[in-house]
Amino acid sequence: MTEYHVINKRSPRLDAPDKATGRAKYIDDLSLSGMLYGALLQSPFAHARIMNIDTSKAKSLPGVKSVVTAEDAGLVKYGVSPARYDETLFCDERVRYVGDEVAAVAAVDLETAMEAASLIEVEYEELPAVFTPEEALAEGAPQIHDKYPGNLCAEVHQEFGDVAAAFQECDLIRTDTFINKRQDAAFLEPNGCIADFDLNGYLTLHTSTQSPHYVMRTVAMVLGLPVGKVRVVKPYVGGGFGPKAAASPLELSACLLSMKTGKPVKMNYSREQVFLFSRARHQFRHVLTTGVKNDGTIVALTNECHLEGGAYASFGIATVYYGGSLLGAPYKLKNMKYDGYRVYTNKPACGAQRGHGGVAARAAWEQQLDALAKELGMDPVEFRMKNAMEAGDTTCNDLYLSSFGQKECIEAVAEGSGWKEKKGRMPAGKGIGMATGFFVSGAGYPIYRSETAHSTVVIKLSDDGGTATVLTGSAEIGQGSDTVLAMIAAEALGVPLDCIKVRSGDTDFSVDLGAYSSRQTLMTGHAAKEAAEDVKRQILDVLGEKLQIAPDRMDMKNGYVVFEGDAPEYEEIRTLYKKEHRGFKDNPVEGPLTFKEAARAAYLEKGSIVGTGKYKPGELGGKFKGAAVGTSPAYGPSAQVVEVTVDMETGKVTIDKMTDAHDCGFAINVTSVEGQMEGSLSMGLGEAMFEEVKFDDRGRILNANLGEYKIPTALDMPDIETIIVESNEPNGPFGAKEVGEGAIMPTIPAILNAVYDATGVLVQELPLTPERVYMALKEAGKLKK
Amino acid sequence: MKRLIALTINGKLHEVAVAPNLTLTDLIRYDLGLTGTKKGCEVGDCGTCTVIMDGKPVNSCLVLAVQADGREVLTIEGVETDEGLHPIQQAFVEKGAIQCGFCSPGMILSAKSLLERNPSPDEGEIRTAISGNLCRCTGYQKIVEAIKEVSNKG
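Residue numbers (our numbering), protein chains in the order written: chain A, 1 to 785; chain B, 1001 to 1154.
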């Protein structure tokens, strides 16, 4: 077994001291001299025609520097998937949801900007609106986009195997309908940005984003600037979870206002505006029919899904595909049919959120599988073990599982939770449930069609040789990527972690698609490893010449040069280093040749030592339409066991314990892997138990705040046990793959299955409020009086 | 019409003229430049703006600057000791209790306030004390472990 000095250990995060002391700067902590403040004017109507916009009063307010509408911004269509660009920066003739952007203002301070926005006079003619997929798909329904008749944003039809024939072979077939609720990502830092258009025509956007690269491209495209003139810089970001993975109207407005005024412009969303911007979890309605044999073999699945998408596509094209492509696996299923429909409504656009597109489908199916297991008289663990896929398998929709510790995860949680002792032996009102799930380790293809590398990394050595700076466009948004990349670079270069400095989140540093689809550890990690190896090779080449020794007979380990066989004479290099560093206290005196001596020698020979690395996945997936969505160089499976108490009189559900196992391939930073698992469970618990964005009958959000939109507090979270499974992913750097999203997949169904175990009742709509569970118990005649 | 107030922040007396509607959060962040105090909701839901005022943790977004006249306020910038990180900060760093970090200043101040009142809290008391500080990243597991770590020592 390879001995590692840095990775596969518990490392404090590099950014933690700054974050613990208030030193870490987030977007609203920054200011630039001469900075103006921006405010948006957003639609008060869910659907209306804009008859006239009069900005004269706003423009004449003292302190106002610029007022912009569609007339100034132009009507360049943008969005996330190029095939469905359906937004313009400002609405032209129509607004499509409460919150749709109509105009923006820059002024000397925020109060003036907000007052000016309120002075813009917009004449609307209200139009009939649709708020549910049923309303939107009804004949004669008001049309939201002329280009997409019937309010159908996207539809997907896929069939693998022969589903109709397969159902003929089944001994048992079940159909169930499942509904989740529209979620808000509820990251704690509201989106914010500062745009700075300088006098040389360069635009710098400082913004709280997950993807500087995508934002750079969208800003350049919408505002008509060359991509090379736009730089996007990400300060520390207070969480993203999906909605910060694409350019927002806030960012585009700030850029336009800065271009108009020649001054830096700061803009922030209020918490209410974060809810209005949304772009988080869709509402899905899944109708699943699954057929099994008496021996427990899962034979066939049909999955029909309607997604309530809101007014624009956002990430939704990918979402509707993920709603189908992430079922099938992790089970050996040969026949699967998927019909997905993403429907426009007059509500804020939904987009991507942790476990993109797959969370509701997974909850629906895993719950159905437990119902099937019960009818078959099989233990849920045994049922899943029988059907679970393994490394080397390919799913019916052509996803290749190069490593896949699904069975190991199931066994780990069964053992860790004491499943055998507890299942079927819980006291009344208590239940235990299990579920599995998996997620991609980086999307196989960029969101725009391109042959680009997904990640490039540059590593530059300091001239004294002692420090290596990792330069990357990747996005540290709280998940710990900076530290993971530093650990990978340190291990690959052969130096201790404290010799590595990471500068990230800047499009000037490198190309990186950003923090979404759980891609950075694998993809940016690969590029960082390759760049470090490039640096190491350059040093060893010089050293080889100086010492008259073949470079492949040397290596770097933990800050020292390691020679195969006897060490050659290197006193000349050491003497030179010491001569150059007279007066310094940390000069090497005796012992093995150090990394910095070797690196200094390389610098003296070659000048600045710079290494580069890149990563792009190979060809992945099948040839059918939509085959790209769901492809990935690797997949991270998970399993969970949840224990609950259900109050049979009131319907109140309490989560008592959660046991989670996840296969992350190989843990780079053990503490961070656990942290991602714990955070996933928390977000899944919130969605299962209380999260729901609610609307009134005119499309206005009723709970656009963190008091009434409830996310888990410390009191809602039970004790969590996390078990890391390592499968050594052949496509991952040092064997590593994702953990940030696979771990959320089993959470909701494990809770649902525990409730099913406790009550015998399948609750098939989220969230599990006491009222909903009470009604379900009552309907089933299980209510205790 | 601005009003002159005098308050002590992290042991230093500040005399400032403030508008009557200025919140303590905005005073601390924008007028005094202590940006470790965060702004997540501005209505007292999230706890990211937590500071300790006269010994008690408060949401500084719900306190007007004029109400802080004559008070003593501790922000995250005042928690470090002459020896470096405060033991609670150190535990948060070492235990992995920090991810995005946006809740961390408020969380650390709530924990500090708890441990001053009750040096050896049980898990329920820890969870209750930080229940006004939302965290979306960690599931609170490592935060609770970090606070336990310090309380055991104390």
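Worth double-checking, as some hints may not be accurate.
Heads up, simulated DSS-like pairs for lysine-lysine below, C-alpha to C-alpha not over 27 Å straight-line [stated by the list, open to error]:
hint, chain 1, residue 1, chain 2, residue 2
1, B, K1148, A, K710
2, A, K407, A, K332
3, A, K625, A, K606
4, B, K1056, A, K9
5, A, K334, A, K9
6, B, K1148, A, K657
7, A, K710, B, K1056
To spell it out: a stretch of chain A is covered by chain B in this simulated footprint if at least three of its residues, at any positions, have a beta carbon under 8 Å from a beta carbon of chain B; those stretches are [to be verified]:
hint, stretch
8, 19 to 27
9, 174 to 188
10, 570 to 584
The set of hints was computed from the structure by calculation and includes no laboratory data.
Where is the CB? At the ideal position from N, CA and C, for every residue including glycine.
Going down the list of hints, with the structure as the test:
The suggested pairing of K1148 of chain B with K710 of chain A holds, with an alpha-carbon distance near 26 Å, which does not exceed 27 Å. In summary, the hint linking K407 of chain A to K332 of chain A is supported, as the alpha carbons are separated by about 12 Å, within the 27 Å threshold. Pair hint K625 of chain A plus K606 of chain A does not hold up; C-alpha atoms about 50 Å apart against a cutoff of 27 Å. A threshold of 27 Å between alpha carbons decides the hint, and for K1056 of chain B with K9 of chain A the separation of about 38 Å lies outside it, so the pair is violated.
Between K334 of chain A and K9 of chain A the CA atoms are separated by roughly 40 Å; this puts the pair beyond 27 Å, and the hint is violated. A C-alpha spacing of about 19 Å is found between K1148 of chain B and K657 of chain A, which places the hinted pair at or below 27 Å, so the restraint holds. This hinted pair checks out: K710 of chain A and K1056 of chain B have alpha carbons roughly 25 Å apart, not beyond 27 Å. Residues of the stretch 19 to 27 of chain A with a Cβ under 8 Å from some Cβ of chain B number 8, which satisfies the need for three, so the listed coverage holds.
Coverage of the stretch 174 to 188 of chain A by chain B holds. Counting CB-CB distances below 8 Å, 4 residues qualify, and the rule asks for three or more. Beta-carbon proximity to chain B at under 8 Å applies to 0 residues in the stretch 570 to 584 of chain A; the threshold of 3 is not reached and the given coverage is violated.
Comparing the model with each earlier hint shows violations of hints 3, 4, 5 and 10; every other hint is respected.
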